[in-house]
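Novice: Generate the whole structure from the sequences, applying the supplied hints.
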Amino acid sequence: MRTSEIRSRWLGYFAANGHEIRPSVSLVSPDPSILFTVAGMVPFIPYILGTEPAPWPTAASVQKCIRTNDIDNVGRTTRHGTFFQMNGNFSFGDYFKEGAIQHAWNLLTGPVSEGRYGLDGDRLWMTIWEKDDVSWDYLTRTLGMDPTHVQKLPFEEISWSTGQPGPAGACCEIHYDRGPEFGPDGGPLADIQGDRFLEIWNLVFDEFIRGEGEGHNFELVGTLDSTAIDTGAGLERLAFVLQDKPNMYEIDEVYPVIAAAEAMSAKTYGRGAAGPSAGIDYENDVHMRVVADHVRSALMLIGDGVRPGNDGRGYVLRRLIRRAVRSMRLLGVEEAAMPTLLTASKDVMRLSYPELEERWSQIAEVAYAEEDAFRRTLAAGTTILDTAVAQAKATAATTGGKAVVPGSVAFELHDTSGFPIDLTLEMAAEQGVTVDEEAFRTLMTEQKERARADARAKKTGHADIRAFQDIEKAMGGGSTFLGYTENAADAVVTGLLVDGVPQPVATAPAEVEVVLDRTPFYAEMGGQLADHGTIRLADGGVVEVSDVQAPIRGLTVHRGTLTEGTLAVGEKAYAEIDTARRLAIARAHTATHMVYAGLRRVVNEHADQAGSENSPSRLRFDFRHGSALSGAQINDIEELVNTTLAQDLDVRTEVMSLDAARAQGAIALFGEKYGQQVRVVTIGDGFDRELCGGTHVPTTGHIGRIALLGESSIGSGVRRIDALVGDGAYGYQAKEHALVSRLSTLVGGRAEDLPARIESLMSRLKEAEKKLAQAEQTAMVAKAAEVLGGVATVGPYRLAAANLGTVGSGDALRSLVLDVRERLGEAEPVVVAAMGVVGERPLVIIATNQAARDAGARAGDLVKVAATTLGGGGGGRPDLAQGGGQDASRVGEAMAAVTRALGA
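Numbering (my numbering), first residue to last: 92 to 995.
By construction, these hints were calculated from the structure, which means they are not laboratory data.
Source: prediction; values computed, not measured.
You may find that some hints are simply not true.
Here are the computed lysine-lysine pairs in the DSSO-like style, where the Cα-Cα straight-line distance is at most 27 Å [what the hints assert, rightly or not]: (1) 663 x 564; (2) 243 x 222; (3) 874 x 861.
Derived CB-CB ranges, DEER-like [stated by the list, open to error]: (4) 717 x 488: 45 to 55 Å; (5) 702 x 539: 25 to 35 Å; (6) 93 x 717: 25 to 35 Å; (7) 490 x 865: 41 to 51 Å; (8) 784 x 836: 41 to 51 Å.
No residue lacks a Cβ here, since even glycine has one placed at the ideal position from N, Cα and C.
Specialist: This is the structure we're talking about:
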């Protein structure tokens, strides 16, 4: 049974049983506290937590997930993978334990001919909470399971929670007995590794409220008003059971990449089946499994809009691609591998995700560019490592100890160049040195602790949310937003926090967070900055609002300073926004839509938005594109947008269903979470149509004008356009006009003649620089006679060495060295070594003739000797090499070191 069929059977079963079938959300998590969608229940968290009412009583999905906390186990176990698909079914106050168990049993054991999976019920085992009598009775009495196949565990070993105060519940884990060849008998409790009694489905029964605590160390402080069911069945695990494969890497959606790696490497997969005892064959199998997993994960992440970078999601993607490339290198493949491997993965995954074919050109462009960048990084990292190795050897020679590369160098290579530690260890060992792994691990641990602390800080946002949830509950719903039509409104204070703690009253001066029952203030979201303004209290208090946020959907929180009087919950208030700021931001927001429309028309209709910021009189728009925009493209976008906005087109807003909006061609931000009803903003007769909750001007004429300041890269595959809007654009153009006038005066010509005049001046400047360089080179060649006069015999060699002090460029120094070598001829072994200072840094260039090379002298080796003395590194060919360092005061010592090396 193909994986795509297992998927369709899951969705078909639950659809037939009254569940709302939900599409997979993006791998980019809608929850800001986590990078990725790590579980099938992530999109349903608000309904489980109760922060939002569930739109349907029951639902089912097959959710794309990424989880990299077990990345080191990938390839070494049967079931660890970074990308996986989680089948899930959910109930929000509908069926509970009995219903969830019955659905699972029906689908797993029902006949294949009826769209089920056809597993043998006698091979199923369950683990449940020791106090869960309901599940025990249903499994053993209603379903008639063998009681020995139902094993009980304490709550802390079979429970789920969000990791913080909130919903919690016990689980019923369903395991499948794969047979004695995979492990010991005795059920899941006896099979510690979990390879024989494989967990294939977990049913979570959310019925409790947990208190504070770490891990599973918390108390149950109450029960939920409404129970929930959250289940997860790993699609890949079901696949390797139903396809009778030994592990997830050999199922139909993964193995084709292994087959491609086999073909490229001429290695045979499967020879390491015996495990680590199989030696290199086992390691080759692991490398191929790593490649198969990581290539698929990279494919899916790029398809969902993630781009390689140095932190966050981008770093995870970069690490996956580089680990895959590194594994291919260990399999002996030096050429680019992604074009073959990624294509193999796409060809099988598109059966379940046809959008991969639609986005293939962008996916391939990103992945291939990242592989090429890493291959270049390997070259740059090798230079850093070679320098460190040379310094380690020099230190060892002085102290008589072992040559050890510092852990800080290994960490730098890992952190900035993307070098895995095993690559550093291997390359160092090839040169006969070791690496201080302990220091490296310490630095890595410190970095991870910083990351964990950052994650914990993000998580505390959930803890703060409880106060706002209580306020929303007391209000009977969220705040009513009036800002689409009103700039000011009467309201009532329904919530007050001081220093994050709810208070009944506050006295000036104080930093406060205020919740109103109704408000004209727009909370920051969707790239639009928050409104500023004033809240005036009935008893004379005044709050100057400087920020507005929505910590939970629909609840507006005004943050600011209570400057006068007092503020109390229940008090009447008058809220008024800064209308000038709102209008300036609205201009920028509508202009952002128009710039995006212009970009799609001029550059690429598939250019995806990657973020934006709409601030007073200025906008920033980020988009995904593989290369820089040309000057002509930028000018065309600006001209198109300004021409269009001058037509004073209507800007209309409509509320409709999400399906209707998509049918009209409205653009949705990929990965964004939308409700069933959405707000659509349309400019003109369709110049632009997008899903948007922000505020806009009524017609494009209100914008005035935009001025694109430029375009730049902000990360791999992500570009940014900066622009000024309205007054900002007019002011910029006025300054630009003044600058043009000033330049015209300086060069003596009209404005329209400026390009030609400046081009002429630049041409004359380049000519002057060229003549200066020629003069410097002529002067350097003249010094050749001086160098020739100092030729000395060192061992079998004639050594022409000179310290030339400050020189204009490395090219001039190289010309001198080559000139002297040519003059000394080939009759005797000749070594020419010249040193100088270029830009305050010492430079050494050494050349040898054929006779010297035949006698054993290598320019690259000699340069390394000199550069090490100078505190740097270098290398090159045997006939010509170049190096540099940090300490120009040691040029004499470096020259002496070269002389000693030749005389040794």
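Novice: What's the verdict on residue 243 and residue 222, does the C-alpha distance respect the 27 Å limit or exceed it?
Specialist: Distance ~8 Å between residue 243 and residue 222 Cα, so the pair holds.
Novice: Taking 27 Å as the top limit, are the C-alpha atoms of residue 874 and residue 861 close enough?
Specialist: Roughly 20 Å between the alpha carbons, so the hint for residue 874 and residue 861 holds.
Novice: Lying within 41 to 51 Å: is that true of the beta-carbon distance residue 490 to residue 865?
Specialist: The hinted range 41 to 51 Å holds for residue 490 and residue 865, with Cβ atoms some 48 Å apart.
Novice: Per the hint of 45 to 55 Å, is the separation of the Cβ atoms of residue 717 and residue 488 within bounds?
Specialist: The hint (45 to 55 Å, Cβ to Cβ) holds, given that residue 717 and residue 488 are roughly 48 Å apart.
Novice: Given the hinted pair residue 663 and residue 564, is their Cα-Cα distance within 27 Å?
Specialist: Since the Cα atoms of residue 663 and residue 564 sit roughly 20 Å apart, the hinted pair holds (cutoff 27 Å).
Novice: Given a hinted range of 41 to 51 Å, is it respected by the beta-carbon distance of residue 784 and residue 836?
Specialist: Given about 50 Å between the Cβ atoms, the range holds.
Novice: Does the Cβ distance between residue 702 and residue 539 fall inside 25 to 35 Å?
Specialist: holds, 27 Å
Novice: Note whether the CB distance of residue 93 and residue 717 lies within 25 to 35 Å or breaks it.
Specialist: About 33 Å separates the Cβ atoms of residue 93 and residue 717, which means 25 to 35 Å holds.
In summary, this structure violates none of the numbered hints.
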